[in-house]
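Got chain A; can you put chain B on it based on the hints?
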Amino acid sequence: MLKTFDPSEAEPIPPQCRATVELLQRVLDGDERAESLDADPHPAACLSCRERLRAARVLLSALSVPNEPVSVPVGFTDTILSAVKADQRYRARRRAFATVGGLAVAAALVIGVWFIAKGTSENPNPNPNTPQQKEVVGQPTPVEIAPDPRPKTPDTAPDPRPIRIGDELKSGLATLEPPKPLTDSVALAPKLVSALTDPFTKPATPMGADLEPARKSISALPTATSSGLEPVTDTAQKAFARFLRDVGSVQPKPN
Amino acid sequence: MSVDAALVQRCLASDPAAARELVERFQTDVLAVCRRLLAHVHDAEDVTQEVFLRVFRSLRTWDNQRPLRPWILSIAVNRCRTWIGRRAKGPELADYLHEAPDQRPTDDSSELVREIRAAVDALRDEYREVFVLFHEHGRSYEEISEVVDRPVGTVKTWLHRARLELLDRLKSRGLVPEEEQPKPQT
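Taken in sequence, the protein lines are chains A and B. Here the first sequence is numbered in our numbering, starting from 1 and rising by one per residue. Here the second sequence is numbered in our numbering, starting from 1 and rising by one per residue.
Looking at chain A on its own, in the form it has when it is part of the complex (with noise of 0.2 Å):
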């Protein structure tokens, strides 16, 4: 195995060999005739020179030697342009789907900006009542969970003009008004949890009409244990006369 060259190892060139060497080299590169080798008397006089002037001989007649030709095989043009052609057709698609791509991400971009601005615009105040609202001490107003997002009776009547996003665009209409806030969701949230909340919290509400006749057979319910048997009601009582009128009034018939 050849050693690797190390420049640091490399003997250094003796001045008076220098122009043996330079003239070695030259005819090497071509830039000079071979014969003109023989014509230098240094090698005669330096065993090392010698030495190289056989070197380089042997070289230049193994470099004379003419390389075979490289053959190249049968349809390897063919094969190259093949491969060129889909390779183009490959990264036109890849640069076809980035556009398309890219161009989706954008109009899906417009038309979301389009769309906030479009809500702002309709519903400016999104909680009207928010200022206004006082809370009576002892009598908690029903508070409204979610704000209606379409009012049922709008206060303006709808735009009859069809909407352009291009013309909403141009004018800047799209882009002046900017989206709602995130701190007016968050400025709702306490309202809201307290909402879902209260209902738990607070003291139930005192039970209106319609509940007192279930009020007042629950109440029924210990002596009903006691006595083993149902508790009547006003309502069962009411039942119970209406079946005694119903029945007097059907005339028996005679056999």
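Cβ pair distances, simulated, as ranges:
#1 A:A83 with B:D125: 21 to 31 Å
#2 B:I84 with A:Q88: 21 to 31 Å
#3 B:D125 with A:Y90: 30 to 40 Å
#4 A:R89 with B:D149: 30 to 40 Å
#5 A:T79 with B:T61: 22 to 32 Å
#6 A:G102 with B:V3: 33 to 43 Å
#7 A:R18 with B:E21: 40 to 50 Å
Just so you know, these hints were derived from the structure itself, not from any lab. Since this is a predicted model, take the numbers as computed values, not measurements. Heads up, the beta-carbon is just placed ideally off N, CA and C, and yes, glycines get one too.
Only chain B this time, still in chain A's reference frame:
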């Protein structure tokens, strides 16, 4: 406009005849360089195909003030370097797959050429590139300088060192005849 520039212009205009002309003009050189640097026929064909893919991909970046051949050869040399690096990381082929039986007649000159080739294959990559381009492809220093993207002086130094290594190898193999000893005076 130079011939190269006109050809590239036609290629950029998607002229299929121009693409074929470009491939036919340079494929022999590219394949020869790849075969010498990779020392493997099939790898050389694969890399040559890859070289032309890259050539057509980056034709727009070619400077039309400069010759086309060194630019294409520089792509070939770079691809060969990459391929050699990749091959070094991959699994090694069985020895018998590396060498095909040589059917060429054997004489002194062919033996010498084989020795030279073996010595060139053992050179460092940079030395081998400049040696192959200079001595086997007849490229000038300036062209080689463009191909390997190094100054001309560096190319000369590499070539000089490559020759010294080759001579060392030839001497070690006994291919440099010993100096005839002067006969003793009687």
